[in-house]
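**Q** The residues making up each chain are set out below.
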Amino acid sequence: MSEGLETEVKTNPQGDPITSAAPAPSSQGGRQDPHAEAKRQQEVSPEYMFFEAPREREFITGSEAAKEAVRRSNVDLSIAYPITPQSETMQLIGVLYGEGYVKEYYRGEEEYGVMSAIAGGSRAGVRCFTATAGPGTLRGLEPIASWPGHRLPAVAMFTCRVVNAPLAIQPDNIEVSYLLNCGMIVFHAENQQDLFDYIMKGFIISEKNDVTLPVGVCCDGFFVTHARGYCSMQDRGLKLPERDSWRGAVPVLDAENPPARLSRDAPVQKSNFMAYNIHAVWQQEVWAAVERSRKYIDQYMGGLIETKDVEDADVLLIASGSAAAQSREAIRMCKDKGIHAGLIKVKSLRPFPTRELRQLCAKAKLIVVPEFNYVGWLAKDVATAIYGYSKAKIVAGPHVYGGMSMPVEMIFDEIECGLTGKKSATVPSSAIMGAVDQEAVAHFMQNI
Amino acid sequence: MSLDYVKFTPGFGKFMPKEYRDMVEHGPFGKKVSVSQVGTFKEILEEHPMCAGCAMTLFIRLAMVAFPNPEDTITVGTAGCGRLAISQAAIPFVYGNYGDQNGVASGLTRGLRLRFGDKPKDVVVMAGDGGMADIGFAQTLHSWFRKEKFTTIMLDNEVYGNTGGQESGMTNRNQVLKMAPLGKKFEKMDMLGMAKVAGCAYVATVVPNNPRRVESVIKKAVLVAREIGPSYIQAYTSCNIEYAIPTDKVLEDAKTVETDRYKFTEYITDEAKEYLSQLYGYKEYLPKPAAAVEKQ
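Respectively, the protein sequence lines represent chains A and B.
Going by numbering that gives the first Met the number 0, the first residue of the first sequence is number 0, and it counts up by one from there.
Going by numbering that gives the first Met the number 0, the first residue of the second sequence is number 0, and it counts up by one from there.
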């Protein structure tokens, strides 16, 4: 796209997003095929798409980045249901359906119905995408939590927002904590570029034979979905190979395979009762598949984490999503003030980068885990992962929630307090682990 | 193509279990079978863990005999007694979450149509009254309003049988059951009326004691769902345990209930009539010759 055109459309905030259906050039009269451009898309290998294909940079919103990712992902079925701040994403997928980039699309009845239908589509052997947010995630959680056990590849995007009462639509990523224990793969996107990349790579990782699991791509609502950022994207004439449904770890239900009889052949069930040992083995296998996805995350996403200035750093910030973006600024502020701080951005929450964190945190003196939620789900995972591998003091905070923003100074204050022993203005002493009041820490660990 | 999955890979047949060999050699796949031939071929549902005298099991068995293309049929269900039998059948069965069957079937049907185009892949939902009229109500109704092309069959035993006999929306008024200690306080839900309002192209009620009729409505419902739109069958499949019907009186009860309040009804749109008569030779739906003469 030329610079001139980009600038022109960008300054039209009330108009269609720049990536919506562009009118086809009508050099000859008569009706144009609205699917003409989609039909010309060429399939390329994931390796070419991710590592070799030339990219162009555009300044777009997170919703538009998700749309552009889906455009290039050869998606068969997408099901939408509106909820703020996700609505724009799924209505843009509707535009893609109109243009023929997505083959089937409809607006479902509510999230339980949508997530159930995604399960049906994935079982039919087609590539499925949906997105939801906050209360929608929780409404759909029963079917979502069953996707991994049914070994259903799909990508679902979660544009996190408040879920608790009193109801609000503000950014808050508490819903991620509910997704972490489903058995699905969970990525957390920092910005528009991450969202674009993680969705496309998510499809490929999700459909690997030894994975065959759904992938959840989370981002912090509004900060990523509604704000614009630079996003480098491959030509829209390229798309990933279609889903090869024969490759799954379990047969798809297309009546082209011998049927697996749930009750007799598995044998998962007998009469009314689940054989407990079979169910136990099944759960182990789901989580083993999560583990096996590590090598593909390394291969396609360059690892479960991304680091900045961590070499010999006294202070490490460990963050995911928008908190990672704010932490980048915080380490810059530290540098100005002569403190050597580094950043570990956690890209993949499931599988969790336990090995990587143990190695990187071994010599750190202070670890600060800023989060956009009250409970501190990331801090708890970090502390569990590095316990016994690091003597660092771990600050579970600062936390903002319910729509608060996280000023860079807020993170910097925690670094300063952590290093000097000064009392923090926002993080209670019970949320500071290591070299402090153990009783208070025990209280924190029991209550998050 | 799909018939291949019920054949053996050359050389492997003799190693397969006898039951599997029987299914391949004497099963209904790729043949036209009817309920009058039961006993002469191996049915896709034989063993099951259901209670003695269960009318629901008889109905499910008959329904499966009636499937026009069993080798290309996928069943979808939810928690309840029915799935204990359905999941034993030699055709694929999706057992997802509570009340999700019509949502799953929507995605499944659309996905299969994307992959296989016009080649029929029949999706048949079979779930209980609780799963359909209560917990799965929204998804059931919305799948009909969206005109999803699959068949929905309610196994209506008018009670939550599998969880031990609680009131459902399809229980009759005043019936005393668990969770309805003083008797149910509202009417049996009119799912047939709702099916028509929501746009089902074929709606029928049956009881299992008339196998030919069961066969007839199931065949029509599945065929109509292929091309015309959603179809709904509501089958009275009594729970002899919770309603204390003696095992040898189950069919008698079905007959009584049929006469009393579960009469055979059939609703079919003109479009579905034309489709069945033109494509599948259903003479009963051909335009009346006399009327044709009048027009001339």
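A couple of the hints might just be wrong.
To be verified - Only pairs whose alpha carbons sit at most 20 Å apart, straight line, appear in this in silico SDA-like list of lysine to any residue:
(1) K146(B) <-> Y104(A)
(2) K38(A) <-> R112(B)
(3) K254(B) <-> I240(B)
(4) K38(A) <-> E265(B)
(5) K118(B) <-> P406(A)
(6) K254(B) <-> E265(B)
(7) K38(A) <-> K336(A)
(8) K195(B) <-> G116(B)
(9) K336(A) <-> R357(A)
(10) K238(A) <-> F263(B)
(11) K362(A) <-> A384(A)
(12) K6(B) <-> G387(A)
(13) K187(B) <-> D133(B)
(14) K364(A) <-> R331(A)
(15) K31(B) <-> R260(B)
(16) K218(B) <-> R260(B)
(17) K146(B) <-> R354(A)
(18) K146(B) <-> P406(A)
(19) K38(A) <-> W245(A)
(20) K195(B) <-> G228(B)
(21) K336(A) <-> P406(A)
(22) K187(B) <-> E270(B)
(23) K146(B) <-> R106(A)
(24) K392(A) <-> R354(A)
(25) K118(B) <-> W245(A)
(26) K248(B) <-> E265(B)
(27) K118(B) <-> N256(A)
(28) K6(B) <-> S429(A)
(29) K30(B) <-> V43(A)
(30) K38(A) <-> F144(B)
(31) K218(B) <-> M49(B)
(32) K334(A) <-> R354(A)
(33) K146(B) <-> E103(A)
(34) K146(B) <-> A197(B)
(35) K195(B) <-> E270(B)
(36) K248(B) <-> R260(B)
(37) K364(A) <-> P350(A)
(38) K38(A) <-> F115(B)
(39) K6(B) <-> W245(A)
I should point out that these hints are in silico values taken from the structure, not numbers from a laboratory.
**Q** So which hints don't hold here, by number, going up?
**A** Going through the list in order, the structure violates hints 4, 5, 7, 8, 9, 10, 12, 15, 16, 17, 18, 19, 22, 26, 28, 29, 30, 31, 32 and 37 and respects the others.
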